[in-house]
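K.L.:
Residue numbers (my numbering), protein chains in the order written: chain A, 79 to 456; chain B, 79 to 456; chain C, 79 to 456; chain D, 79 to 456.
Take these hints with a grain of salt, some might be off.
Intra- or inter-copy, both count: the list cannot distinguish identical chains.
Taking lysine-lysine pairs in the DSS-like style, the calculated list, with each CA pair at most 30 Å apart, reads [to be verified]:
1. 80 to 444
2. 99 to 379
3. 444 to 379
4. 80 to 99
5. 171 to 352
Hints were generated in silico from the structure; no laboratory data involved.
What you are looking at is a predicted structure, and each value in this text was computed from that prediction instead of being measured.
Each chain, letter by letter, is given below.
4 protein chains.
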Amino acid sequence: MKALVYRGPHDVRVEEVDDAKIEDPTDVVIRITTTNICGSDLHMYEGRTAVEEGTVLGHENTGIVEEVGSAVSRFTVGDRVSVPFNIGCGTCKNCQTGWSSFCTRMNPIEGMDGAAYGYANMGPYRGGQAEYLRIPLADFNLLALPQGTEFENDFTMLSDVFPTGWHGVELSGMKAGETVAVFGGGPVGLMAAHAALIKGASQVFLVDQLADRLELAEQIGATPIDFSAGDPADQILEATHGVGTDRGVEAVGYQAHDHEGDEHPELVLDNLVKTVRTTGGIGVVGVYVPEDPDASTDAAKEGRIGFDYGTFFTKGQSMGTGQAPVKRYNRELRDLIVAGRATPGWIVSHEMSLDEAADGYDHFDKRETGWTKVLLHP
Amino acid sequence: MKALVYRGPHDVRVEEVDDAKIEDPTDVVIRITTTNICGSDLHMYEGRTAVEEGTVLGHENTGIVEEVGSAVSRFTVGDRVSVPFNIGCGTCKNCQTGWSSFCTRMNPIEGMDGAAYGYANMGPYRGGQAEYLRIPLADFNLLALPQGTEFENDFTMLSDVFPTGWHGVELSGMKAGETVAVFGGGPVGLMAAHAALIKGASQVFLVDQLADRLELAEQIGATPIDFSAGDPADQILEATHGVGTDRGVEAVGYQAHDHEGDEHPELVLDNLVKTVRTTGGIGVVGVYVPEDPDASTDAAKEGRIGFDYGTFFTKGQSMGTGQAPVKRYNRELRDLIVAGRATPGWIVSHEMSLDEAADGYDHFDKRETGWTKVLLHP
Amino acid sequence: MKALVYRGPHDVRVEEVDDAKIEDPTDVVIRITTTNICGSDLHMYEGRTAVEEGTVLGHENTGIVEEVGSAVSRFTVGDRVSVPFNIGCGTCKNCQTGWSSFCTRMNPIEGMDGAAYGYANMGPYRGGQAEYLRIPLADFNLLALPQGTEFENDFTMLSDVFPTGWHGVELSGMKAGETVAVFGGGPVGLMAAHAALIKGASQVFLVDQLADRLELAEQIGATPIDFSAGDPADQILEATHGVGTDRGVEAVGYQAHDHEGDEHPELVLDNLVKTVRTTGGIGVVGVYVPEDPDASTDAAKEGRIGFDYGTFFTKGQSMGTGQAPVKRYNRELRDLIVAGRATPGWIVSHEMSLDEAADGYDHFDKRETGWTKVLLHP
Amino acid sequence: MKALVYRGPHDVRVEEVDDAKIEDPTDVVIRITTTNICGSDLHMYEGRTAVEEGTVLGHENTGIVEEVGSAVSRFTVGDRVSVPFNIGCGTCKNCQTGWSSFCTRMNPIEGMDGAAYGYANMGPYRGGQAEYLRIPLADFNLLALPQGTEFENDFTMLSDVFPTGWHGVELSGMKAGETVAVFGGGPVGLMAAHAALIKGASQVFLVDQLADRLELAEQIGATPIDFSAGDPADQILEATHGVGTDRGVEAVGYQAHDHEGDEHPELVLDNLVKTVRTTGGIGVVGVYVPEDPDASTDAAKEGRIGFDYGTFFTKGQSMGTGQAPVKRYNRELRDLIVAGRATPGWIVSHEMSLDEAADGYDHFDKRETGWTKVLLHP
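Let the sequences and hints guide you as you build the complete structure.
P.N.:
Written as structure tokens, this is what we have:
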């Protein structure tokens with residue numbers, strides 16, 4: 079079968095690889111109908127992770143069940159399914175308390191909790207930017223979708239970015255009626271804004287400097303804040319009569335840069351601490367890493383982010399972090415899509431065949447205007 | 079009346095000051111029966127805060143109602159009361175959602191939420207290391223105690239350290255049956271250990287290097303970890319089969335030092351990130367400050383604490399911070415004391431008259447062996 | 079001043095009464111701009127409560143501060159305010175944990191927790207269907223509104239029905255993405271539907287038999303269920319593929335009647351137990367009373383409601399009940415109105431002067447078509 | 079193998095039955111080391127359920143893994159395990175949100191959520207009062223215990239009564255420092271009292287009339303209330319200065335009887351409504367059923383329990399119900415036992431071989447003095 083293979087920094091190629099097949103009786107193999115390029119794929123693409131050459135990428139996968147293992151009871155051939163990017167065992171303490179993103183059993187790397195498809199340090203699982211994909215422990219890991227092809231571009235957001243944005247809002251502790259500042263207008267930040275509004279935020283600010291992202295935010299009713307036009311925290315403080323927002327979401331990560339393009343890994347956290355009011359909460363779904371050899375400072379190289387912790391404490395703020403446990407949210411998010419109350423597909427900018435994937439990576443990585451979200455249809 | 083007055087670094091004196099009196103119809107004046115020296119008083123005593131000369135210190139106060147304002151309805155002369163160290167208005171958003179420690183109305187300093195008695199940056203309220211104390215908005219701020227003198231040394235912990243330790247455990251998200259690592263064996267850390275055990279922790283580790291503190295921890299059933307005997311995180315990881323604890327509590331603050339006495343403000347946070355398992359929670363009640371001119375690094379001078387944030391995120395941990403809202407807890411803690419199920423007075427090491435207070439500060443500040451908690455009885 | 083006085087069953091009159099005035103330094107007197115007739119006023123109007131002759135009715139009040147007591151610090155003359163129907167002390171255990179509807183200090187009746195304006199068994203407080211109203215403990219009880227006259231018909235819902243509908247949804251435990259069945263399409267039921275949709279319900283069913291109410295439900299995106307057209311639980315089960323809804327809200331109360339007009343006090347609870355799925359939650363804000371001499375059965379006369387408890391248990395459902403603590407919600411609901419994201423005024427059907435109030439009661443009590451919500455502007 | 083078989087009312091016999099064996103690759107077979115007689119077994123024993131003749135009873139099972147299916151990855155032969163009484167699929171919405179007691183997939187009976195071993199209406203699963211037991215979906219359903227034989231009488235409580243009592247307290251919403259009234263001093267009620275104290279209740283009342291049960295309650299620090307000595311609610315109200323308790327737990331069920339032995343199915347609920355304060359919570363784990371042909375009233379025959387609902391609403395109480403999801407709690411409860419902080423085995427009164435089981439049923443059913451909890455060791 080064909081699959082997109084990582085061959086080194088800025089080098090991905092569609093190649094022939096071994097077919098995906100049932101390896102355990104609890105497996106399912108699906109035929110991929112849609113698989114997205116994720117912003118975190120770019121970390122690997124840019125050579126800024128430990129991902130191995132030869133890895134098949136792709137963790138945002140949707141498809142049709144093609145083959146079913148003998149111990150699978152919830153799915154049959156032909157079922158349409160969404161595949162959460164996390165692979166859980168369903169039985170460890172984390173999986174059973176709603177934290178499948180930190181499954182303690184599926185990642186063989188010592189000391190690493192959490193597994194995923196086609197991802198650095200997340201276990202030996204092949205990605206889904208391919209024609210077919212093997213799903214381990216399918217009864218636990220797959221989400222059933224309504225048959226047919228309707229909502230495909232919305233449903234494809236269920237495997238990662240929609241639940242991840244939603245998780246950012248959850249981690250912030252937001253309650254209906256509160257205000258939220260989302261930093262970062264990539265797919266995850268836009269989804270966080272969408273999530274906050276669905277959950278009843280009274281006002282959502284979205285901070286970025288790219289006009290196309292700010293415009294997408296405005297389309298769903300968020301208030302765009304252009305950080306190239308002035309300190310974003312000051313802009314939001316002014317808009318909230320000096321009080322700040324009740325909650326904040328970090329959707330940028332360790333490669334945060336100022337409007338002149340210089341990396342400042344503590345920049346977004348500082349802004350959040352300044353923007354959010356006393357006793358407010360901050361949800362962090364932008365990725366930070368324990369080691370980053372290419373970082374701009376010695377501290378950051380070893381994952382140390384010297385943000386304004388003194389003010390964080392003095393304001394009595396709280397912070398939740400980490401990769402989203404997709405399963406905790408994806409049933410309800412699917413139902414919101416079917417009911418027409420969530421429309422996450424609004425961010426899709428480009429759709430292409432698997433053969434064109436390398437081209438898609440190239441454009442997306444350059445953050446070219448309008449390249450918000452790229453979908454591959456193998 | 080007599081009161082303990084701050085006269086400069088390492089210089090406190092008992093002097094005659096104006097009598098405490100009713101200033102507003104919602105005030106009460108109490109006669110102090112017990113007022114404690116707090117570890118955070120030492121920050122001021124050591125000259126490491128912006129507290130003004132002439133300030134009467136003391137925010138851990140217990141006493142008897144002496145005089146009652148005309149608009150006070152819950153208290154009458156002779157009532158025995160505990161005074162939370164925070165002064166709340168009872169009507170702002172923070173007060174009404176259980177965050178009286180971040181009252182937005184009682185501290186006149188621009189941008190500072192939260193007021194307290196006799197404390198740097200916490201408003202113009204005189205402290206209670208004195209014969210009498212004025213209580214603003216007494217109906218909201220005072221807690222009624224059973225008449226008499228029973229449990230005085232337990233009740234005196236209700237104004238600050240017992241609720242603060244309890245808050246640390248709450249912020250960590252601990253549930254009954256979980257394990258907890260408390261860093262810091264001063265009064266707040268010991269109270270956090272006491273709280274965790276009362277709330278059903280299966281095991282509580284308390285980390286310090288002073289033998290008297292470790293022994294107090296052991297007395298209530300906690301497991302002492304001596305950090306001078308080896309990396310405390312490694313010791314706890316070994317004791318938990320490599321998993322780490324479910325929760326952690328920071329009860330040290332920005333003056334954290336290693337076992338050789340060198341200050342490393344990020345040390346305890348690093349240890350907590352390492353000790354607590356993936357998806358676990360950390361409660362921070364040790365104080366961090368936005369500005370610390372005497373800090374050991376330039377970053378720390380401006381409140382920047384470069385702890386291992388990359389691992390914090392990768393482990394999906396969460397963190398709650400800030401001064402404790404005493405009122406959220408003090409009724410139930412009082413009831414636990416009366417029922418004999420909480421005994422926070424077990425940490426009291428010294429009791430003395432107000433006249434001896436300067437001597438008490440001196441010994442306590444030097445952390446002399448056995449000087450765990452000092453009570454003043456004016 | 080003029081006020082609407084209860085003179086006996088089906089007899090209310092606008093009369094001259096003593097002026098509202100400051101009685102305690104913590105009081106405020108407001109000039110009423112809008113005061114609504116509530117469905118629970120009809121219980122009194124119909125003579126089905128113990129309300130005393132001579133009582134001034136009216137607990138849904140909005141106005142302008144006219145006079146301020148000496149101990150009031152949050153309000154000044156001219157401020158526009160919303161008055162929660164509950165009167166809280168702000169200092170008892172219930173008030174301080176967000177349950178101002180069960181204040182233990184403001185209702186002098188032995189064994190009754192909770193006070194209100196112009197309401198049977200809720201204390202000696204005069205109602206606001208009058209020119210002026212005295213507000214006890216104004217700093218705690220009043221909500222500040224933006225100056226001016228904008229949103230008046232939305233803001234007037236903040237004193238009772240909007241928070242009460244919202245509370246029903248909260249008591250049901252609803253989370254975003256879930257489905258909800260609301261029984262009862264009066265103002266509270268309509269507000270519950272509005273609340274559930276604002277908070278991200280994927281689908282909301284509203285059950286009633288009156289066409290005008292069902293139409294109002296449809297206007298905001300709820301699914302109307304006409305119980306005169308068939309068993310409402312069966313209709314909803316069919317619409318949810320036999321699963322039932324995640325949550326249910328009771329917005330009818332003890333005078334529930336079937337579509338032929340016969341009273342069956344257990345009818346709505348039975349329907350909710352049948353409609354809601356296993357482990358689902360039910361929020362009850364429709365009023366039930368301990369004594370109801372006019373009830374249809376001996377059991378119901380003493381408040382005993384023999385609903386299908388065996389199934390309730392077997393399905394593992396939960397139930398929360400009681401009058402809404404308005405203050406817990408009204409700040410955020412106000413902000414949602416100002417942001418244009420909540421529009422509770424859409425249910426207003428009639429506005430009239432205070433002089434026309436008796437006429438308003440008469441029409442509203444007969445549940446004449448289109449008489450959904452009546453506002454009085456003194 | 080030998081197993082205890084239900085042969086009709088008051089007739090259970092140890093007989094030879096087909097060996098337990100692996101039927102699916104996800105199964106495990108265990109050798110039973112301890113299996114308890116449960117109070118709910120007596121409902122079947124007395125002929126008051128629809129259980130079929132020939133059923134092997136027993137849902138409180140502990141043992142050693144004897145054989146392992148090919149798709150099982152967490153257990154190997156020789157492992158010591160506790161078996162929750164509920165059988166979950168691990169993948170349905172209820173299982174994944176912590177409600178394995180209401181699994182929607184393992185019980186083939188239409189409309190019934192929740193499966194169990196050897197239990198009326200809970201699916202075709204054989205019970206464990208036998209030499210061996212088949213465990214479906216063992217990776218999900220089994221709990222690992224420390225090897226050896228230590229704590230056997232404590233661990234055997236993990237399969238049902240300890241988590242069930244714990245669940246009652248959870249459903250009541252109890253927080254540390256609060257007071258709790260537990261109605262019913264059978265094993266579940268005693269476990270609820272144990273749980274409440276472990277979780278930090280300030281005072282726990284246990285209501286029963288049997289001296290041996292009241293004495294067991296006293297042994298762990300609960301306050302015994304003998305309902306044959308006077309109205310239990312009045313006794314508790316007096317002990318709480320008229321306020322009542324914060325929380326209540328129902329551990330009796332539909333066969334509640336007064337001290338003269340007459341059945342009054344609404345009696346305990348009435349007492350709870352009266353005992354618990356306004357806004358307090360009630361957890362119901364005593365079993366109620368939708369149909370009870372032998373009930374004392376026509377209403378109760380169809381599961382209608384006419385308790386004092388009017389007061390329940392007027393007091394703003396809440397209520398959670400249903401069978402306990404053992405998996406939600408059993409890890410932490412196991413850890414509390416290992417740490418020596420929970421000792422649920424203190425209620426064990428009798429241990430016997432499987433051959434003596436019929437005799438054990440007979441004595442236990444007659445509630446003979448001192449027959450609190452009977453363990454069978456096959």
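K.L.:
Now tell me, hint by hint, if it's right for this structure.
P.N.:
Quick rundown of the hints versus the structure:
no., hint, result
1, 80 to 444, "within (25 Å within a copy, 71 Å between copies)"
2, 99 to 379, "neither (40 Å within a copy, 56 Å between copies)"
3, 444 to 379, "within (24 Å within a copy, 38 Å between copies)"
4, 80 to 99, "within (14 Å within a copy, 44 Å between copies)"
5, 171 to 352, "between (36 Å within a copy, 19 Å between copies)"
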